[in-house]
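Undergrad: If you're matching them up, the sequences are chains W and H in order.
End of the first sequence = 249 in the working numbering, gap-free, step of one.
End of the second sequence = 594 in the working numbering, gap-free, step of one.
The set of hints was computed from the structure by calculation and includes no laboratory data.
A portion of the hints provided could be inaccurate.
Under 7 Å between C-beta atoms, here's a sample of chain H residues computed to sit facing chain W [stated by the list, open to error]:
no. : residue
1   : 88
2   : 96
3   : 102
4   : 255
Covered by chain W, according to a simulated footprint, are these stretches of chain H (three or more residues, beta-carbon under 8 Å) [to be verified]:
no. : segment
5   : 34-42
6   : 454-460
Mimicking DSBU-like on lysine-lysine, the simulated pairs with C-alpha atoms at most 30 Å apart in a straight line are [what the hints assert, rightly or not]:
no. : chain 1 : residue 1 : chain 2 : residue 2
7   : W       : 20        : H       : 256
8   : W       : 32        : H       : 545
9   : W       : 20        : H       : 545
10  : W       : 187       : W       : 99
Please read these numbers as outputs of a predicted model, since none were measured by experiment.
Backbone N, C-alpha and C fix where the C-beta goes; we use that ideal spot for every residue, glycine too.
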Amino acid sequence: MKILVCVKRVVDANVKISVKADGSGVELANLKMAMNPFDEIAVEEAVRLRESGKADEGVAVSLGINACQETLRTALAMGLDRAVLVESDAELQPLAVAKLLAEVVRREEPDLVIMGKQAIDDDNNQTGQMLAALLGWGQGTFASQLVVSDGEIEVTREIDGGLETLAMQLPAVVTADLRLNEPRYVKLPNIMKAKKKPLDVIAAADMGVDIQPRLTTLKVEEPAVRSGGVKVADVAELVEKLRNEARVI
Amino acid sequence: MPIYTPPVRDMLFAYFELNGGEAIRQMPGYEQLDRETLTSILEEAGRFVSERLLPLNRSGDEAGCNWNEGRVTTPEGFKAAYDEFIQAGWNSIAFDTDYGGQGLPKSLHMLVDEMICACNLSFSLYPGLTNGAWTALEDYADTELKALYFPKMAEGVWSGTMCLTEPHSGSDLGLMRTRAEHQEDGSYRISGTKIFITAGEHDLTENIIHLVLARTTDAPAGIKGISLFLVPKILPDAQGGLGEINSLSCGAIEHKMGIKASATCVLNFDGAKGWLVGEVNKGMRAMFKMMNTERLATGIQGLGIAEAAYQNAVAYAQERLQGRSPKGAQQPDTPADPLIVHPDIRRMLLTMRALTEGCRALSVWVAQQIDIAARSPDVVERREAEGLVALLTPVVKAFFTDCGFEVANLGMQVFGGHGYIREQGMEQLVRDARIGQIYEGANGVQAMDLVGRKLPLADGTLIERFLLPLKEFLQLTEGDASIAEFTTPLAAAGERLESAAKTLLQRAGDDPLESGAGAADFLQLFGLTALALMWARMALIGLRKCDEEEPLFYEAKVRTARFFMLRILPRSEAHYRAIMAGGDCMIDFDDRAW
């Protein structure tokens, strides 16, 4: 079985971000970047499948600027075999990413695609779903458990009501949720070994895919500062405030 | 719980931009060490130590180690963390690849070490002592011994110790009494008591390899009669695995002010079987090379603690609201301003920052010189590097550990009353830092080594190894008005250092007590001057780069350098005057009046 793992380079989870003065976006210059934590979980799952012998090749793919190679090297250091960078300096929205990944899938022909359920910078939670739809494959999203058997998988999904387990044929797309596994710490010898593993760069422009953004960001602002709560005398006053001040009923 | 963000950016700056990281990459075996690789290594190491070792620092301090009938257990979680640590290869960074080590330069190892020490100083001592033992064995143990012991030490399943101190013999090793009796089969039987042995007994590894200093029968008295022996806790069997238990035991562990999770042991050797390392009566020579790296490593302990104290003090000062700025409320919407508006707080934080970053910059310079001394193909370059290392390692050990204690105390001070409370973790940093000034050669002894042994070398010219780069930098920047605020005080400090060195050398000829009288001040003067050179060089880079990229980072270098020159370097003037005043005023004190 061949696995394709999609990883995104995002702002490190511990970094405090701030909004640009003109409200056009988040200030990203010189911030520490890291692999999207949910993608780490996806990489870990793929590496475990390699180690158990269920998969015989694990390929990491990332899309974006040249610096994404660092993220791919981390995936290689965790234990994947090869990496591919689809290079582009343009803004890549989830639909564009899904289309590019679909093209990568056509070229790589994996049996299973795993990625994090969402990226912690934009929290879109769309790419995996769109990719499955473009490919006409089954999708097991929000996976907290993945069992692989011959040509088929069982995915336990975290849903609002609890847990749901689905079975589906391969090839399929799985998106990883928090409880799927705990990613390993990278070992020093593997960091050095990762430098020798193949990392290919292909230009997004050469993929024959329309990556034009479909959405325009109008404004970005920080959430409103929490103001103090107010004590009400009785339910009548509560209803009155909800109707006339908060305007939610 | 204390925070720690691995200072990877500053480490990369010190390694590649300020010092010769590219030159290190040119050396055989180090070709892979470009900036990208170093970034990966430092980030992954930083991640491991801050996520796995930092949480154990407080709990380890509260629990301490436990001694029961000769067995010592480390605090909960240490064993699991140690296993992950060695599986990830962090223990054998600089060990020879021939034996399973990672074969990476000392200068990279020291950066990772700084992070380990910042997160959990007690933990760092277990792999740290193995490193020390390895370094002593590296040059003097024969191939057979190495083949038997090195692979498992590199793997981390056998750890090491250094057994020097005895109850009556610490700074004065010449007084030691442990005996080694030659046996027919070529081995020795070692008998005696060693104390203050870090990691002497514990539950992290299946075997412990003790390096023991002892006297053979008929050895001359004093330092010249000491030999070095390898004495394993468990003797290897014919296959190189674990055989019989050797006749040595841990009599007790100490209850200490700090590094409480480090097992500090009394070891009783009872005719224990051991093997000679190097030549008879040449035990101290085998220790000297190890001493350089151990001094640097101990200095790094001080640096790690300082960085941890600094980060936490800054975070606290940014959040804690007390009082209003003397200029008027800076945050009128909140009941008070954050501590960081107050000048005295800023003084403390900048002092912590200037000392910490300055020491880091210097540590990388010295560590890279160690790599050059070991691996440069150019014999002249090697010799010069060795000279600089010999000169600077006592400074690094003493100055950095003094800084570590000073910065830890400042950090605690910033926290106010909360700094005194154990849960906050600040007072632990002070307690943990204190030992650095004492062990591995007490700081007073380091100062004596610097003035009594190092200054006179090469006809009194060894100090040129440091003064030359200083003067070269001044020549390079001569006439540059933009850098004058840094080079002028640097030049003055350099002159004071040179003058003090000359005076001490002259006086040593007339009065044997004068060196000791001036040593401590001279070491401080040296440390401050070395940091001044680092800060002037950092300021130059900062001035050049702050318009191009990362303005915040490079401007901060310039401003911290300014603070150092104006508010910290003046200490060197006081030390200079003290040295020049001579030692009579302390010798001429009636001993009956104490």
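Undergrad: Look at each hint and say if it fits the structure.
TA: Comparing the hints with the structure gives:
{"no.": "1", "hint": "88", "in the structure": "4 Å, holds"}
{"no.": "2", "hint": "96", "in the structure": "14 Å, violated"}
{"no.": "3", "hint": "102", "in the structure": "6 Å, holds"}
{"no.": "4", "hint": "255", "in the structure": "33 Å, violated"}
{"no.": "5", "hint": "34-42", "in the structure": "holds (count 5)"}
{"no.": "6", "hint": "454-460", "in the structure": "violated (count 0)"}
{"no.": "7", "hint": "W:20 / H:256", "in the structure": "51 Å, violated"}
{"no.": "8", "hint": "W:32 / H:545", "in the structure": "19 Å, holds"}
{"no.": "9", "hint": "W:20 / H:545", "in the structure": "23 Å, holds"}
{"no.": "10", "hint": "W:187 / W:99", "in the structure": "34 Å, violated"}
The structure is inconsistent with the numbered hints 2, 4, 6, 7, 10, although it conforms to all the rest.
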